[in-house]
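Using the sequences and the hints, build the whole thing.
In my numbering, the protein residues as written are 139 to 296.
Since the hints were derived computationally from the structure, they do not count as laboratory data. Remember, predicted model here, so these are calculated numbers, not experimental data. For each residue, glycine too, the CB sits at the ideal point set by N, CA and C. Some hints could be false.
Said to hold, decoys possible - Straight-line C-alpha distance at most 30 Å; calculated DSS-like pairs for lysine-lysine:
| # | residue 1 | residue 2 |
| --- | --- | --- |
| 1 | K250 | K184 |
| 2 | K290 | K184 |
| 3 | K146 | K194 |
| 4 | K144 | K264 |
| 5 | K264 | K146 |
| 6 | K264 | K250 |
| 7 | K290 | K250 |
| 8 | K250 | K194 |
| 9 | K194 | K184 |
Stated by the list, open to error - Ranges between beta-carbon positions, derived for each pair:
| # | residue 1 | residue 2 | range |
| --- | --- | --- | --- |
| 10 | S233 | A141 | 27 to 33 Å |
| 11 | G181 | G231 | 23 to 29 Å |
| 12 | G181 | D286 | 17 to 23 Å |
| 13 | A141 | Q179 | 38 to 44 Å |
| 14 | D238 | P207 | 23 to 29 Å |
| 15 | Q275 | T209 | 24 to 30 Å |
| 16 | P191 | D286 | 31 to 37 Å |
| 17 | V206 | S182 | 24 to 30 Å |
| 18 | E247 | K194 | 34 to 40 Å |
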Amino acid sequence: IRASIKPKDHLSLFFGVFGAAPLNLTFTHLGDATCLLLDAQSGSLKHLGSHAPSIKGALAPGPFPGNVPETTMPFPVGSRLVLISDGVTEVLGGSPFVFDLLAQNSALEPEKLLNEISFQIQERVKGMKDNEGMPPQDCTAVIVEAMDAQPKVYRLRP
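Shown next as structure tokens:
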């Protein structure tokens, strides 16, 4: 990965480990990606802030940042972890819009929620000559849903 990071680039990283009995999530988050938890028990939408800044491409040859904090939190059945790249956030008009979009559509099944995110992206980039109506920068959205002891992963497809 380091070899592909150009000096002007920034690497955002989310690394999570799911535990069973009880279901929980231990994670570290570096950078500008939007990370949200749709909590099935409380019905709340919680922003999971970044533990550290993104890794700047100019630093890529150096060591990986040490002592990165991590968080462990409950991840009850039916809860969803939503990871959205900064490219999606930028196209959609910023974190507040993304938060509102997810809050308004939190009852949708994961596939339908990803379809709504894709639709909103395509509505904002109409007329651009690119890859199937998607902007040229990275646009990634992933939803991980807690289902019994095995989380299920859904991802955005343009």
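The hints, checked one at a time:
no., hint, result
1, K250 / K184, "holds (20 Å)"
2, K290 / K184, "holds (20 Å)"
3, K146 / K194, "holds (7 Å)"
4, K144 / K264, "holds (29 Å)"
5, K264 / K146, "holds (28 Å)"
6, K264 / K250, "holds (21 Å)"
7, K290 / K250, "holds (15 Å)"
8, K250 / K194, "violated (34 Å)"
9, K194 / K184, "holds (27 Å)"
10, S233 / A141: 27 to 33 Å, "holds (31 Å)"
11, G181 / G231: 23 to 29 Å, "holds (25 Å)"
12, G181 / D286: 17 to 23 Å, "holds (20 Å)"
13, A141 / Q179: 38 to 44 Å, "holds (43 Å)"
14, D238 / P207: 23 to 29 Å, "holds (28 Å)"
15, Q275 / T209: 24 to 30 Å, "holds (28 Å)"
16, P191 / D286: 31 to 37 Å, "holds (36 Å)"
17, V206 / S182: 24 to 30 Å, "holds (26 Å)"
18, E247 / K194: 34 to 40 Å, "holds (38 Å)"
Checked against the numbered hints listed earlier, the structure breaks hint 8 alone; every other hint is satisfied.
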